[in-house]
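Number of protein chains: 2
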Amino acid sequence: MSGDGTSPKILLTEAERNSITFNGDGLVPAIAQDATTMEVLMLAWMSRESLDMTLAEGRMVYWSRSRSELWRKGDTSGDHQDVLEARYDCDGDTLLFLVHQHGRGACHTGERTCFFRRIGDDA
Amino acid sequence: MSGDGTSPKILLTEAERNSITFNGDGLVPAIAQDATTMEVLMLAWMSRESLDMTLAEGRMVYWSRSRSELWRKGDTSGDHQDVLEARYDCDGDTLLFLVHQHGRGACHTGERTCFFRRIGDDA
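Protein chains in written order, with my numbering: chain A, 57 to 179; chain B, 57 to 179.
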């Protein structure tokens, strides 16, 4: 299944869609959490279109704020993320995805998680 | 220890401080994750001052965007969060805190996590 539009992996109802609030730039923060290790891997942003693609394909698609373009995570690096579960918070202004992380990891540095640095370690 | 300024719980070095990027509103997103269950509890925002208070006290202090004021989580509800570990991501524009959640939970609805709703459950 690669998001051919006929059978979305996860169905977003109209009520759910209306519960999700995008900010002034049309974006909502999306947290990716490893479904196996439960590590928080990264936070990036989704536009309405990238959220729809993510749910349709069952694969994380972000909006790159630095490049101002859709970012199908892993298309270049191979480190893509399959979606096992999609959640939204009480205010509807943050998304949480439980994912299966492919490749080396989530981070462009080669680390498994983007949160590899701990405050106080340099003290 | 209640943040009397003499002995911060977690020491933020100058280099670390310079690695953290606040957005145009002077805020950075902060994810709170339960250190025991590894559940993602909530995402809220921190100002530089609330981050300093959080690290000094070892207790989560956010910036409330709706009330435009410092928000010492749990002062009203009792549901405060002790910080066990503070992390920052590769870009320095998101913080991750491993916390011990007190009280009923993180969410104002009474749920343990703010991410209690799953997309597709209503389908």
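No wet-lab data here; the hints were simulated from the structure.
By construction, the Cβ of each residue, glycine as well, lies at the ideal position given by its N, Cα and C atoms.
Do not rely on the hints blindly, as some may be mistaken.
What the simulated footprint calls covered on chain B by chain A, stretch by stretch (three residues with Cβ under 8 angstroms from a Cβ of chain A suffice, anywhere in the stretch; the number is not a length) [to be verified]: (1) 64-73; (2) 165-177.
To give a feel for the contact side, a few chain B residues facing chain A, derived at Cβ under 8 angstroms [said to hold, decoys possible]: (3) Phe78; (4) Val96; (5) Met98; (6) Leu140; (7) Glu141; (8) Ala142; (9) Arg143; (10) Thr150.
In silico SDA-like cross-links for lysine to any residue, where the CA-CA straight-line distance does not exceed 25 angstroms [unchecked claim]: (11) B:Lys65 / A:Lys65; (12) A:Lys65 / B:Phe172; (13) B:Lys65 / A:Asp135.
Evaluated hints:
1. 64-73: holds (count 6)
2. 165-177: holds (count 9)
3. Phe78: Violated. Min distance 15 angstroms.
4. Val96: Hint on B:Val96: holds, closest Cβ of chain A at ~5 angstroms, below 8 angstroms.
5. Met98: 7 angstroms, holds
6. Leu140: Violated. Min distance 11 angstroms.
7. Glu141: 6 angstroms, holds
8. Ala142: 4 angstroms, holds
9. Arg143: 4 angstroms, holds
10. Thr150: 4 angstroms, holds
11. B:Lys65 / A:Lys65: 45 angstroms, violated
12. A:Lys65 / B:Phe172: Distance ~20 angstroms between A:Lys65 and B:Phe172 Cα, so the pair holds.
13. B:Lys65 / A:Asp135: Violated. B:Lys65 to A:Asp135 sits at ~36 angstroms, over the 25 angstroms cutoff.
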